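Trainee: Make the full structure from the sequences, and use the hints.
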Amino acid sequence: MQSTRTLTDKIFLFLKGLGMGAANKVPGVSGGVVAFVAGFYEEFIYSLQKFNGKAFKLLINGRFKSFYRYINGKFISLLFLGMIVSYFSVSKLLDYLIIHYELYVWSVFFGMIAGSIYYISKDFEGWCTKAFVSLLIGIIIGISISFLDPAKENDNLFFVFLCGMISVSGMTLPGFSGSFILILMGNYVLLLVDSVNALYDTMFDVFSGDFTFIDNAYRIKMLEVLGVFTLGSVVGLVTFSHILNYVLKRFRNITLSLLVGFIIGSLGVVWPWKKTIFKTQADGSFKLDSRGEKIIENYERFLPELNSETYIAIGFIVVGILIVLSLEWYGQKTRKVK
13 MQSTRTLTDK
23 IFLFLKGLGM
33 GAANKVPGVS
43 GGVVAFVAGF
53 YEEFIYSLQK
63 FNGKAFKLLI
73 NGRFKSFYRY
83 INGKFISLLF
93 LGMIVSYFSV
103 SKLLDYLIIH
113 YELYVWSVFF
123 GMIAGSIYYI
133 SKDFEGWCTK
143 AFVSLLIGII
153 IGISISFLDP
163 AKENDNLFFV
173 FLCGMISVSG
183 MTLPGFSGSF
193 ILILMGNYVL
203 LLVDSVNALY
213 DTMFDVFSGD
223 FTFIDNAYRI
233 KMLEVLGVFT
243 LGSVVGLVTF
253 SHILNYVLKR
263 FRNITLSLLV
273 GFIIGSLGVV
283 WPWKKTIFKT
293 QADGSFKLDS
303 RGEKIIENYE
313 RFLPELNSET
323 YIAIGFIVVG
333 ILIVLSLEWY
343 GQKTRKVK
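Last residue of the sequence shown: number 350 in the working numbering, and the count goes up by one each step with no gaps.
To be clear, the hints were calculated from the coordinates, so they are not data collected in a lab.
Mixed in with the good hints there might be a few duds.
As the list claims (entries may be wrong) - Listed next, the in silico PhoX-like pairs over lysine-lysine satisfying Cα-Cα at most 25 Å (straight line): (1) 86 with 66; (2) 22 with 62; (3) 62 with 77; (4) 77 with 66; (5) 86 with 69; (6) 287 with 134; (7) 62 with 86; (8) 62 with 261; (9) 62 with 164; (10) 287 with 164; (11) 66 with 233; (12) 164 with 286; (13) 22 with 86; (14) 142 with 261; (15) 22 with 69.
Since this is a predicted model, take the numbers as computed values, not measurements.
Mentor: Right, dumping it as structure tokens:
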């Protein structure tokens, strides 16, 4: 599974990490789709499942080079470096674009996911009754998730750990959006906005020589929440990778058809033409969370009118599809060279 990578390969792997990190933060988009379309999904799962008893023994015995080689360290480190950088760069840009150009951002992601369905299914030759049933189940689950109502925010550390374990499924299961799952669990703002911003502010303070944040109870609480969430994500990532590696080996066709179903079902979440629905009280006012933010209930989807804005949005859908086709072309070119 491991192979010698050129400098260009390493740069592209880092960029793919940026893409996964950005996708994981956008509700409705799955980082696993990026891995699948970019052609490194199976290596990603393979590398994660190498975090096992043998790897732990190598680490405990101080055999760091052997540990690094065993877990496919070059691949994992470049990919995760891209994801980490993404949270403080690309994802910040995405936050801005979603606020100011929401329709067009959703259009690009809709196109990317639609293109990924084509990519994943075009070479799939294992269609049978079980595969079609699995596909249907995946579609039903994906659509059902998009219509669930979000829960209330909860900063209990055990629940935060559970959020980390469950939301990381978006990285391992194409079509399952980890960030959308966090919205359903009520903790999207807490875990992907507030706590990440607290870390960003803390890093800025440390580099500036300002350590007054130590006395800031809210900042410390957010850093604690982020630490527990990260730990839960790591545990979930390794656990899911072992499960997926097992089912992909033994039930490959059924698993792949189920994943295609998840992705088809997730199209409802990223449908570009929608407006946010907020929870309201009996007097018609918006329900607010602990920070005074309006609580999201769900999205109301509608068919667009034929106007210039709609045509531009359709153009961005085409752009999204072309991005996927470009990734596919690059993946095929890379595999031929190797």
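Trainee: Hint check: residue 77 vs residue 66, CA-CA at most 25 Å. Holds or violated?
Mentor: holds, 14 Å
Trainee: Would you mind confirming whether the straight-line C-alpha gap from residue 62 to residue 77 stays at or under 25 Å?
Mentor: Satisfied, since the Cα-Cα distance of roughly 15 Å is no more than 25 Å.
Trainee: Verify the proposed pairing of residue 86 with residue 66, using a straight-line Cα cut of 25 Å.
Mentor: The hint holds at about 18 Å.
Trainee: Run the distance test for residue 62 versus residue 261: straight-line Cα separation, threshold 25 Å.
Mentor: holds, 15 Å
Trainee: For the pair supplied as a hint, residue 62 and residue 164, is the alpha-carbon distance within the 25 Å limit?
Mentor: violated, 36 Å
Trainee: Is the hinted pair residue 22 and residue 62 satisfied, with a Cα-Cα distance of at most 25 Å?
Mentor: holds, 21 Å
Trainee: Assess, step by step, whether the Cα of residue 22 is no farther than 25 Å from the Cα of residue 69, and give holds or violated.
Mentor: Violated - the C-alpha atoms of residue 69 and residue 22 are around 28 Å apart, more than 25 Å.
Trainee: Are residue 22 and residue 86 close enough, with their CA atoms no more than 25 Å apart?
Mentor: holds, 9 Å
Trainee: Quickly compare the C-alpha distance for residue 287 and residue 134 to 25 Å and report which way the hint goes.
Mentor: violated, 33 Å
Trainee: Tell me if the straight-line CA distance from residue 62 to residue 86 falls inside 25 Å.
Mentor: holds, 13 Å
Trainee: Compare the distance between the alpha carbons of residue 164 and residue 286 with 25 Å, and conclude whether the hinted pair is satisfied.
Mentor: holds, 22 Å
Trainee: Given the hint that residue 287 pairs with residue 164, test it: the Cα-Cα distance must not exceed 25 Å.
Mentor: Distance of about 20 Å is within 25 Å: holds.
In summary, the numbered hints that this structure violates are 6, 9, 11 and 15.
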